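A.B. asks: Chain residues, written in single-letter form:
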Amino acid sequence: MSVSEMFISLQGVLTADQDIREEIRKVVQILEQTAREILTLLQGVHQGAGFQDIPKKCQKAREHFGAVKTQLASLKTKFPADQYYRFHEHWRFVLQRLVFLAAFVVYLETETLVTREAVTEILGIEADRERGFHLDIEDYLSGILTLASELSRLAVNSVTAGDYSRPLRISTFINELDSGFRLLNLKNDSLRKRYDGLKYDVKKIEEVVYDLSIRGLNKEAASDAGGEK
Amino acid sequence: MSSKEGSGGFRKRKHDNFPHGQRKDEKNNVNSSSSLMVSFKSFQLELDTRHDKYERLVKLSRDITIESKRTIFLLHRITSDPNGEEILNESEAKLEAVRQKIKQVAQELIGEDMYQFHRAISPGLQEYVEAVSFQYFIKTRSLISVKEINKQLIFTMEDKEEETNTPSSNPHDKQLCTWSLKVTPVDYLLGVADLTGELMRMCINSVGNGDIDTPFELSQFLRQIYDGFSYIGNTGPYEVSKKLYTLKQSLAKVENACYTLKVRGSEIPKHMLADVFSTKAEMIDREEGLS
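One line per chain: the protein sequences are A and B, in this order.
Each residue of the first sequence is one higher than the last, beginning at 1 in my numbering.
Each residue of the second sequence is one higher than the last, beginning at 230 in my numbering.
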């Protein structure tokens, strides 16, 4: 094979690669749009009136996740199944965002941390790499860290809305999450940077709890919610 | 690492009138057997396994790089050494050793998505492509293809038995199968781009040894590669287009050398040509430093 023939065939490979990336980008754009819609919907919970109809908002968000499922299913078909990590960068960000949204919905519903398996079920993807389009563990953890900062905001806003017991529950939750993350030996990568932000969320919530307890407002909350000292 | 980060967080908080004691109590209250903690323990294991594998691959990749570089240096000696055959044999042995390393990489990647760890091994593979294509060029005066390279990277059981080191440390030994590692087209391109730098060096060296034909052959060959890269242009990834500039410079040096050979070759005796070129090369290097 002559040199120029070699380069022509290489060029062919590169073009094919770019075509795949182009297709992926298109689907990811749609996914991002859906993710934004869900986010806008859920942002409503921060508003004073929003606290009453949290269940209704969660219900609506769940409906949107149906669209996410079909979009992710179409993303799966755009590239060879065994080359997930070759194109990983394209959907990494949006997948983290979707994990956060799913985790937020689950938290609002049950006040527990969504498991990795549950997220993959909501998103209609696999938990194991062997089984196909899956959720990378780092992406899952990143999404969870976003949830932490959203909850610190929710703690502040629930006080404003007159709900004094929620921040206490959030505080317990975040503390447990923090201890969980402390178990991980993170490398100096983007996940580590995100994790470094967690302590500020913890601090913020602790300040809220402190403000409540110094004014005895948590007693009030304890009487109608119970549990927290 | 994380504990250091945590203490940093505490230090910052010293200025707040914040109840430290209470916070620690809460920490201890976290039940270490809760489902959340259990799953995070499994995450810890998963992440550690992944990072360990990555580090092992980085190490292997560096070994591959070093050995490939040594092979290239060895091959450069061929321009001044009368016993070329021996050097080629020696380089073949060295490359075989590199391939054994690559085999270890392939073993690490069994059942994995190669692209997940691609960044760890890519530098080593590029260097290997450079070494192997350099040797191939010296032997055949032509460019080795990706196919040819990948053909040498298919490892079988029989190979394993010949090898004496680490006989049974790997559980996959017992598996009767062949496994291979594929150099990606992009790694190949980047390796070939580096090859041109070596060819430029070889060109200048061979002039120094009074070899008049090699520079012309080299400039012919480099031009073909340059044309190939121009054809790809900037459709490839960023790294490829970046190398295009260096390639252009190497080509210019070789072309200038050929020019000088042609113009002055007739007037200067062969043994003095070396001096002309060493000053010429220096001048080019200095120009580069300025720009």
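Since the hints were derived computationally from the structure, they do not count as laboratory data.
A quick note: this is a predicted structure, and the numbers were derived from the prediction, not measured.
Virtual Cβ for every residue (Gly too), placed ideally from N, Cα, C.
Please note: incorrect hints may appear among the correct ones.
Claimed, not checked - Calculated from the model, a selection of chain A residues having no Cβ within reach of chain B, i.e. all distances over 12 Å:
#, residue
1, 23
2, 49
3, 61
4, 191
What the hints assert, rightly or not - DSBU-like, lysine-lysine: derived pairs with alpha carbons at most 30 Å apart:
#, chain 1, residue 1, chain 2, residue 2
5, A, 187, B, 323
6, B, 323, B, 288
7, B, 471, A, 26
A.B. asks: Hint by hint, which ones does this structure get wrong, listed from lowest number up?
C.D. replies: 4, 5
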